[in-house]
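Q: So the chains spell out like this:
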Amino acid sequence: MAYALCFLLFMIGLYCAVVKKNMVKIVLGIVIMEYAVNLFLIMLGYVKGGVAPIIERSQYDGATKAIASEFLNASVDPLPQALVLTSIVISLGSLALMISICIRTYAKYGTFDITEIRRLRG
Amino acid sequence: MNAPLPMFVAIPLVAAFVLPVLKGGLKPVATLLANLVTLTLLALAVMSVGKTGTYAMGNWTIPLGINLVLDGLSSLLLLAIGVISAAAMLFSVRYMEQYTAKPKYFSLFLLMVAGMNGVVLSGDIFNLYVFLEIASIASYALVGFGGEHEELEASFKYMVLGSVASALVLFGVALVYANTGSLNMAQISATIRQIGMNIGLAFALSLFVAGFGLKAALVPFHAWLPDAHPSAPAPISAMLSGVLIKALGVYVLARLIFTVFGVSVPVAWVLIALGVSSMVIGVFLAVGQWDFKRLLAYHSISQMGYVVLGVGLGALILAREGDPLWASLAILGGLFHLLNHAVFKSLLFLASGSVEMATGTRQLKKMGGLVERMPYTRATCAIASASIAGVPPFNGFWSKLILVLAAVQAGFYLLAAVTVIVSLVTLLSFLKVQRYVFLGQLPEDLERTQENGGFMLGAMAFLAVLCLAMSLLVLLPGLRETVLQPAVDVLVQAGTAPAAVVAH
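Note that the protein sequences, when read in sequence, are chains A and B. For the first sequence, counting from 1, position 103 maps to 103 in this note's numbering; every step adds exactly one. For the second sequence, counting from 1, position 63 maps to 63 in this note's numbering; every step adds exactly one.
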């Protein structure tokens, strides 16, 4: 169910990016798509009632090198969180560039409407 | 330490952040440094030919850490990136005098090179996505570098489609991680060979085909390329058409389909369909163009179709368990055409930049008779035109010949015929370029046009010599076995021996 909603969010973003005529709204659509993917990644590692994936000293038996089962069963997957951090930074970078191109375009054309920004064709 | 793998990414990345500091009177230093960096990368790429190796970043072991992997296919792409970036950087020395902020341009250029080198070396799909974004974001900024109306519009269009492609790729990466529990290519491929394809993985594969198809500008996804590539400064057009669409699009598609997901008949047909439609539609859109660079951009779509067709044909033969010899011939044709296209299309874009700088226009109808004023540019452009149209003895002829032979041997006579016909239409369209730009009557306002000498001519002459010399890559067995054959073997072995653990 949660995955379906996540996919729905992705499709809303795609719809917005493809259909909208305003440059800023297109950018927002792309941002929504990226957030939907980030949400999906976070959900992959989610465990209900999970704990942070850091082993406490009491949960680790140094002699037998055994890890307490409550940690193994409840710890969330840390890898998707690392991926999401990276992907947020990347989308911030591309968002900054996209918005600055929008601003420069507005200064040149005086509009955000992509149906009026059409010098290239063929 | 067999090959200095991290250096391919580290050197341009460090230089990219050092160069913008060198402003004002230090601009010549920045220019010199940037050229030294690209030449070093070219030397490293030449040295890495025929070698293999892996490097674990930060000494973390493979399931936890990220690794860089060099094999035959990666070193072929590294070579292409090295050659084209060295030539384009040399050309920029004089060409970019027209623009302000030259050090920033070098910085973005080197970031793009670092990203591309990272993509072809990465052995981890998320890391690949990160490098993909480095290269893409740098290229969005470079397309809009001029800051004028057309450039900004093209940059925005390119950026929107590029970001959608990146989001699709990231979604695919997440799905692969959900289904296999790993991000390392070798481990994913081992897992997929155990559990087989399920719906999630098939969906991930289709997301990858759409995402990287957008980056490679294959035909249903090609809308951004004819706007973006002509709007960039000429050396950047050469980089974008010459190597970016290959390293970020076709290379990753081939790598994922052959070594990670494994070849299958439906996927092979999808590749062939993409390839043929790109070839045919690209070339017919190109014939009607009157803007020099836009015409070249449409030809990029068409020529990438050849590469994808060759790789797809190989995949189909392997998936049907046909003769691996013909599969390897088809893949050889595709990969050799990839290398050739990098050289001749970059040369064509550099020549168009030289013409544009001298005449101030890109419209074919406003030019003419430039053979008297710019004989050297004309000579290099004629060599590249003959190459792209497949006129012997230039390199384009050999790769197209190999593709036609492979198609005939595998029994696809219609595909072979289409390949030849598209090649003839290409010839027609480049005859038009020669006729309108270099022959005919010299218009009065262009009578004082000056030939561009020095570095620009040096870069063009270098690529023109390569256009001839690269025929030897396939004609001399020794060279073929060190440069091209390892790359072909990587794909063929991954396609024929599903049980073997692939080194990647």
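Hints are computed from structural coordinates only; laboratory data are not their basis. This structure is a prediction, so every number in the text was calculated from the model and none was measured. Careful: at least some of the hints might be erroneous.
Under the rule of at most 16 Å between Cα atoms (straight-line distance), these lysine to aspartate or glutamate pairs were calculated in the EDC-like manner [claimed, not checked]: (1) B/Lys366 with B/Asp489; (2) B/Lys157 with A/Glu116; (3) A/Lys108 with B/Asp291; (4) B/Lys157 with A/Asp113; (5) A/Lys108 with B/Glu148.
Q: Given the hint that A/Lys108 pairs with B/Asp291, does the C-alpha gap stay at or below 16 Å?
A: At roughly 23 Å apart (the allowed maximum being 16 Å), B/Asp291 and A/Lys108 break the hint.
Q: Given the hint that A/Lys108 pairs with B/Glu148, test it: the Cα-Cα distance must not exceed 16 Å.
A: Given pair A/Lys108, B/Glu148 holds - Cα atoms ~8 Å apart, limit 16 Å.
Q: Would the pair B/Lys157 and A/Glu116 pass a check requiring their Cα atoms to be no farther apart than 16 Å?
A: 14 Å, holds
Q: Holds or violated: are the alpha carbons of B/Lys157 and A/Asp113 at most 16 Å from each other?
A: Roughly 13 Å separates the two Cα atoms, so the pair holds.
Q: Take the C-alpha atoms of B/Lys366 and B/Asp489, compute the straight-line distance between them, and say whether it is at most 16 Å.
A: Given that 16 Å is the threshold and the Cα spacing comes to 48 Å, the pair is violated.
The earlier numbered hints that this structure contradicts are 1, 3.
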